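A.B. asks: Starting from the given sequences, assemble the full structure and let the hints guide the process.
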Amino acid sequence: MSRREYLKNQKQKGRRLIGVFPAHYPREILWAFNSLPAEIWDPPLDIEGANAHLQPYICSVVKLGLELILQGKGDMLDGFLFPHTCDSIQNMASIVYDYLGVGKPCYFFYHPKAPYRPSSRRYYLEQLKSLVSRLERDLGPMDENELRRRVEQGHHLASILREIYDARRRGGLSASNADFYRMIRQGEYLHPDDFIPLLEDFLKASRGGDGKGPGVILSGVLPNPPEILNLLDELGVRVVDDDLLCCGRRIPMHTTMAQDPFEALVDSYFAMPPCTTKDSPLKGRVDYLLEKIAASKAKGVIFYLVKFCEPEWFDVPCMAEAVKEAGAAVLTVDVDLNQGLSGQLTTRIEAFVEMIGRQQEA
Amino acid sequence: MSLVKRARYHFMKDIGAPAVMRLSGAGRKKGPGRPKPGFGPGLNCAVRLKEIMTRHYFLSRYAEGAKPVAWVTSGAPVEILRPFGFYTIYPENHGALCGAQRLGPELCAEAEAHGYHQDLCSYARIDLGHFLSGKTPVGRLPRPDLLFASNNICQTVVYWYRVLAHQLKIPLLLFDTPYNFEDITENDVAYMVRQLEEMIPVLEEVSGRRFDSRKFQEMTGISRDSSFAWGEVLATMKTRPAPMTIFDAFIHLAPIVSLRGLPVALEYYHILLRELRERIEQGIGAIENERKRLMWDNIAIWYKVRDFSNLFAERGMNFVTATYTNAWAETISLMDADRPFESMARTYSLVVLNNSLDHRLQLMERLIKEYHVDGLVIHSAKSCKPYSVGQYDIKRLLMDRLGIPSVIVDADITDFRAYSEEQTRTRLEAFFETLEG
Ligand code: SF4
Numbered sequence: 002m003s004r005r006e007y008l009k010n011q012k013q014k015g016r017r018l019i020g021v022f023p024a025h026y027p028r029e030i031l032w033a034f035n036s037l038p039a040e041i042w043d044p045p046l047d048i049e050g051a052n053a054h055l056q057p058y059i060c061s062v063v064k065l066g067l068e069l070i071l072q073g074k075g076d077m078l079d080g081f082l083f084p085h086t087c088d089s090i091q092n093m094a095s096i097v098y099d100y101l102g103v104g105k106p107c108y109f110f111y112h113p114k115a116p117y118r119p120s121s122r123r124y125y126l127e128q129l130k131s132l133v134s135r136l137e138r139d140l141g142p143m144d145e146n147e148l149r150r151r152v153e154q155g156h157h158l159a160s161i162l163r164e165i166y167d168a169r170r171r172g173g174l175s176a177s178n179a180d181f182y183r184m185i186r187q188g189e190y191l192h193p194d195d196f197i198p199l200l201e202d203f204l205k206a207s208r209g210g211d212g213k214g215p216g217v218i219l220s221g222v223l224p225n226p227p228e229i230l231n232l233l234d235e236l237g238v239r240v241v242d243d244d245l246l247c248c249g250r251r252i253p254m255h256t257t258m259a260q261d262p263f264e265a266l267v268d269s270y271f272a273m274p275p276c277t278t279k280d281s282p283l284k285g286r287v288d289y290l291l292e293k294i295a296a297s298k299a300k301g302v303i304f305y306l307v308k309f310c311e312p313e314w315f316d317v318p319c320m321a322e323a324v325k326e327a328g329a330a331v332l333t334v335d336v337d338l339n340q341g342l343s344g345q346l347t348t349r350i351e352a353f354v355e356m357i358g359r360q361q362e363a
Numbered sequence: 017m018s019l020v021k022r023a024r025y026h027f028m029k030d031i032g033a034p035a036v037m038r039l040s041g042a043g044r045k046k047g048p049g050r051p052k053p054g055f056g057p058g059l060n061c062a063v064r065l066k067e068i069m070t071r072h073y074f075l076s077r078y079a080e081g082a083k084p085v086a087w088v089t090s091g092a093p094v095e096i097l098r099p100f101g102f103y104t105i106y107p108e109n110h111g112a113l114c115g116a117q118r119l120g121p122e123l124c125a126e127a128e129a130h131g132y133h134q135d136l137c138s139y140a141r142i143d144l145g146h147f148l149s150g151k152t153p154v155g156r157l158p159r160p161d162l163l164f165a166s167n168n169i170c171q172t173v174v175y176w177y178r179v180l181a182h183q184l185k186i187p188l189l190l191f192d193t194p195y196n197f198e199d200i201t202e203n204d205v206a207y208m209v210r211q212l213e214e215m216i217p218v219l220e221e222v223s224g225r226r227f228d229s230r231k232f233q234e235m236t237g238i239s240r241d242s243s244f245a246w247g248e249v250l251a252t253m254k255t256r257p258a259p260m261t262i263f264d265a266f267i268h269l270a271p272i273v274s275l276r277g278l279p280v281a282l283e284y285y286h287i288l289l290r291e292l293r294e295r296i297e298q299g300i301g302a303i304e305n306e307r308k309r310l311m312w313d314n315i316a317i318w319y320k321v322r323d324f325s326n327l328f329a330e331r332g333m334n335f336v337t338a339t340y341t342n343a344w345a346e347t348i349s350l351m352d353a354d355r356p357f358e359s360m361a362r363t364y365s366l367v368v369l370n371n372s373l374d375h376r377l378q379l380m381e382r383l384i385k386e387y388h389v390d391g392l393v394i395h396s397a398k399s400c401k402p403y404s405v406g407q408y409d410i411k412r413l414l415m416d417r418l419g420i421p422s423v424i425v426d427a428d429i430t431d432f433r434a435y436s437e438e439q440t441r442t443r444l445e446a447f448f449e450t451l452e453g
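So the protein lines, in turn, are chains A and B.
In terms of this note's numbering, the first sequence has 261 at position 260, counting the first letter as 1, and numbering is strictly consecutive.
In terms of this note's numbering, the second sequence has 381 at position 365, counting the first letter as 1, and numbering is strictly consecutive.
Since the hints were derived computationally from the structure, they do not count as laboratory data.
Computed from a predicted structure; not experimentally measured.
For each residue, glycine too, the CB sits at the ideal point set by N, CA and C.
Some hints could be false.
Said to hold, decoys possible - Straight line, CA to CA, 30 Å or less: simulated DSBU-like cross-link-like pairs of lysine-lysine: (1) A/298 x A/284; (2) B/254 x B/52; (3) A/213 x A/298; (4) B/151 x B/66; (5) A/105 x A/12; (6) B/411 x A/308; (7) B/66 x B/29; (8) B/231 x B/52; (9) B/308 x A/284; (10) A/325 x B/29; (11) B/29 x B/151; (12) A/284 x B/66; (13) A/325 x A/298; (14) A/325 x A/114; (15) A/9 x A/114; (16) B/185 x A/308; (17) A/308 x B/151; (18) B/151 x A/325; (19) B/231 x B/21; (20) A/213 x A/130; (21) A/105 x A/130; (22) A/130 x A/14; (23) A/74 x B/411; (24) B/411 x A/105; (25) B/66 x B/52; (26) A/308 x A/325; (27) A/105 x A/14; (28) B/185 x A/298; (29) A/284 x A/114; (30) A/114 x B/185; (31) A/308 x A/298.
Claimed, not checked - Far from chain B, some chain A residues (derived; all Cβ distances over 12 Å): (32) 73; (33) 100; (34) 163; (35) 232; (36) 313.
What the hints assert, rightly or not - Only part of the chain B face toward chain A is listed, based on derived beta-carbon distances under 10 Å: (37) 126; (38) 133; (39) 175; (40) 181.
C.D. replies: Put into structure tokens, the structure is as follows:
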């Protein structure tokens, strides 16, 4: 079933659909309102109208998101949620809310930057509660028991995802790179009631890879254009782990079920891997990546970045240097979404793979 | 802090700096000289400003090891650093200075050679380029002991300062100001107050000084008064003819950015204000024949300030207001030295760039009316997404609501590789025609 058909189906079942822009937000709260977050990262659209609102130096995640609204492709949605992720998403959200008048509720979610201070924890908790009050105004009261159930479900989902990632890291997953991310990214719109069984089946069916071929780690925002995954598959390269904002960087490293579901959500948020959109210290990001390299024995890291993405680009030089010092190779690539792989990029990736292949043999 | 370095710093402060100031002012004491064609007499205060800023950068060379040094973002609540005696350096101001001297691409290239992408904010690239190469037109910037950033102007500064913190292995204090998509909440204010409280022990440790709340209140008062005075300076441009131009204001902005909270900034703006009021009394305008009054949106195009200034003055067009210069005066009435933390939270988180675009539009509408603006020049700055995204809509809405014509100039604040003279000329000519038509 296509994403659109699935969402239509969910709507018919009585779920409200909330279009959610990247990246961090408490989806358990939406589930508890019997709503379904449909994340908007890289809709397959041609950019036309968005250019009348956004300058050429704005990234394609933001442009495509706005395009979706302008082309009316979000008509099925009952509202939008804008997490405060970066300057461009922030201003685009303001364009939508202040100037376009989409005629649907818009919710904003500001997560504290500096995720290492007591004040941040407290504020995050308050933000969760104020999001709930805001949603209650439109959607009616939220049942706290339902929230608890959804938080537990979120934990369960995170633990399966961790298991899948672990299996892959150890070379024990037979799925291709393309299939792996096709599966993981379905979490951007599937309800957990549907997504969890799908993931469990996927894990069962793909256990037992041969762990052959050099391993690489992807770091960046999202694996798009997906052709890169196909190319890596063709070249016999395994993506053994990732530090991608839309994928691994949103899986809490551990979860604990606190008595209070809000506290549990706070714990989960602060247990997420370090991330530039939360202003985690750069050292935390470097160490996290180096641990991944050590644990997966990856031969290289591909910084696979969206053009004009400031949060990611600032960290790359220091991270790349640390990766090289750790003896792994680095490839840095910047792309526009949905544009496929150019011949030049294909050649660069092939050369990179050849190099790590030689290292592997040595 | 080393005793020798401290002694050297004080010697330079008392003996060296005054000598340098005398030198920098030498030859200019007679005033700004003959006016350029199209302009009224220049501001006498420019000499004093040059002295102050030269002294600031000159002394900074001796601050390292003598005083705790902090690198600070332009929108950070620097008042909290003042009672600890930090010598503060504003890399954005340094970036503007490099930009004005057309050194942007050269310093940016240093950062780019280390992997910093050409699409990143050029203030950040200049600073990282300076940090990695040591190049600067001001001799030398002292290494910081502390970094102090606030994301009330952009998230970019935090990404940038995180890199510095990592490289230098020093603390980064972040004042996180939740963006106001809608109205500010009590939770937001309480969060910011708690952050300020959390900073005190770090500041005590880095500076080796105890927090003195009385001194803090006193310096908060100075800061508030300076911003008020700056607001009054800007307000003089409501008069016809305006006694200064926004291009003057771009330059005279330096103390309110870099020396906020220090008596020198307050004294300076009082002198400037006096001069401007005298000019108003005498009917002296910044340009000879002020026929049209314009507003500027966004940060200056630093390498083009002089050219633009001439180009518009020749046509009797004067820029009398800007969203940018206004940012250091806009929210100052919220500052209250008796409730410093809470009022600082509001003052700093309600600035233009931390508010929704609707707020910005309302502000611009107000400025257009108060300053009797006939047209608007919008700088779409490649470096600065928070300032630039939304400008296309603002342009359209101001035309619809107030019939204000405008032009968009695609450029960058300091990196002139992102600027096309030909394209800009063509657009400006069309704009001039509309304005005159
Ligand atoms: S120019 Fe814009 S992006 Fe750069 S530091 Fe200033 S406010 Fe931030």
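A.B. asks: A separate judgement is required for each hint: does it hold in the structure or not?
C.D. replies: We went through each hint and held it up to the structure:
Of the supplied pair hints, the one linking residue 298 of chain A and residue 284 of chain A holds, its CA atoms being roughly 21 Å apart against a limit of 30 Å. Distance restraint check for residue 254 of chain B and residue 52 of chain B: the Cα-Cα separation of roughly 23 Å lies within the 30 Å cut-off, and the hinted pair is therefore satisfied. The straight-line distance between the Cα atoms of residue 213 of chain A and residue 298 of chain A is roughly 12 Å, inside the 30 Å bound, and the hint therefore holds. Between residue 151 of chain B and residue 66 of chain B, the direct Cα distance comes to roughly 21 Å. Compliance with the 30 Å bound is thereby established for this hinted pair.
Restraint check: the Cα-Cα separation between residue 105 of chain A and residue 12 of chain A comes to about 16 Å, which is no more than 30 Å; the hinted pair holds. A distance of roughly 26 Å separates the Cα atoms of residue 411 of chain B and residue 308 of chain A; the hinted pair therefore holds under the 30 Å criterion. Under the criterion of a C-alpha separation no larger than 30 Å, the hint pairing residue 66 of chain B with residue 29 of chain B is consistent with the structure, at around 16 Å. Taking the CA atoms of residue 231 of chain B and residue 52 of chain B, the gap is about 45 Å. The hint is violated against a cut of 30 Å.
Using a Cα cut-off of 30 Å, the hinted pair residue 308 of chain B and residue 284 of chain A is violated, with the two alpha carbons roughly 53 Å apart. The suggested pairing of residue 325 of chain A with residue 29 of chain B is violated, with an alpha-carbon distance near 45 Å, which exceeds 30 Å. As the CA atoms of residue 29 of chain B and residue 151 of chain B are separated by approximately 24 Å, the hinted pair is consistent with the 30 Å bound. A hinted pair counts as satisfied when its Cα atoms are at most 30 Å apart, and residue 284 of chain A with residue 66 of chain B does not qualify at roughly 40 Å.
The straight-line distance between the Cα atoms of residue 325 of chain A and residue 298 of chain A is roughly 14 Å, inside the 30 Å bound, and the hint therefore holds. With a C-alpha separation of about 29 Å, the suggested pairing of residue 325 of chain A with residue 114 of chain A holds against the 30 Å cut-off. Restraint check: the Cα-Cα separation between residue 9 of chain A and residue 114 of chain A comes to about 35 Å, which exceeds 30 Å; the hinted pair is violated. Between residue 185 of chain B and residue 308 of chain A the CA atoms are separated by roughly 29 Å; this keeps the pair inside 30 Å, and the hint holds.
Distance hint between residue 308 of chain A and residue 151 of chain B is fulfilled; the C-alpha atoms sit about 28 Å from each other, no more than 30 Å. For the given pair, residue 151 of chain B sits about 27 Å from residue 325 of chain A by alpha-carbon distance, which is consistent with the 30 Å threshold. For the suggested pair residue 231 of chain B and residue 21 of chain B, the alpha carbons sit about 25 Å apart, so the restraint of at most 30 Å is met. Between residue 213 of chain A and residue 130 of chain A the CA atoms are separated by roughly 48 Å; this puts the pair beyond 30 Å, and the hint is violated.
The hinted pair formed by residue 105 of chain A and residue 130 of chain A meets the criterion: a straight-line CA distance of about 21 Å does not exceed 30 Å. Of the pairs offered as hints, the one joining residue 130 of chain A and residue 14 of chain A holds, with about 27 Å between alpha carbons and a cut-off of 30 Å not exceeded. A C-alpha spacing of about 26 Å is found between residue 74 of chain A and residue 411 of chain B, which places the hinted pair at or below 30 Å, so the restraint holds. A distance of roughly 25 Å separates the Cα atoms of residue 411 of chain B and residue 105 of chain A; the hinted pair therefore holds under the 30 Å criterion.
With a C-alpha separation of about 19 Å, the suggested pair residue 66 of chain B and residue 52 of chain B falls inside the 30 Å cut-off, and the hint holds. Our distance criterion of 30 Å between C-alpha atoms is met by residue 308 of chain A and residue 325 of chain A, whose separation comes to about 23 Å. As the CA atoms of residue 105 of chain A and residue 14 of chain A are separated by approximately 20 Å, the hinted pair is consistent with the 30 Å bound. For the hint linking residue 185 of chain B to residue 298 of chain A, the alpha-carbon distance of about 28 Å falls within 30 Å, and the restraint holds.
For the proposed pair residue 284 of chain A and residue 114 of chain A, the alpha carbon gap of about 16 Å is at most 30 Å, so the pair holds. The hinted pair formed by residue 114 of chain A and residue 185 of chain B meets the criterion: a straight-line CA distance of about 20 Å does not exceed 30 Å. For the hint linking residue 308 of chain A to residue 298 of chain A, the alpha-carbon distance of about 29 Å falls within 30 Å, and the restraint holds. With a least CB separation of 19 Å from chain B, residue 73 of chain A remains clear of the 12 Å interface cut-off, as annotated.
Residue-level check failed: residue 100 of chain A sits 5 Å from the nearest beta carbon of chain B, not beyond 12 Å. The Cβ of residue 163 of chain A sits about 27 Å from the closest Cβ of chain B, beyond the 12 Å cut-off, so the non-interface label holds. For residue 232 of chain A, the non-interface assignment is confirmed: its Cβ lies about 23 Å from the closest Cβ of chain B, beyond the 12 Å cut-off. A cut-off of 12 Å between C-beta atoms contradicts the statement that residue 313 of chain A is not in contact with chain B; the least separation is 9 Å.
Because the beta carbon of residue 126 of chain B sits about 12 Å from the nearest beta carbon in chain A, more than 10 Å, this interface hint is broken. Given the 10 Å rule on beta carbons, the hint for residue 133 of chain B holds: about 5 Å separates it from the nearest Cβ of chain A. Among the interface hints, the one on residue 175 of chain B holds; its C-beta lies about 4 Å from the nearest C-beta in chain A, closer than the 10 Å criterion. Using the Cβ-Cβ criterion of 10 Å, the hint placing residue 181 of chain B at the interface with chain A is satisfied: the shortest such distance is roughly 7 Å.
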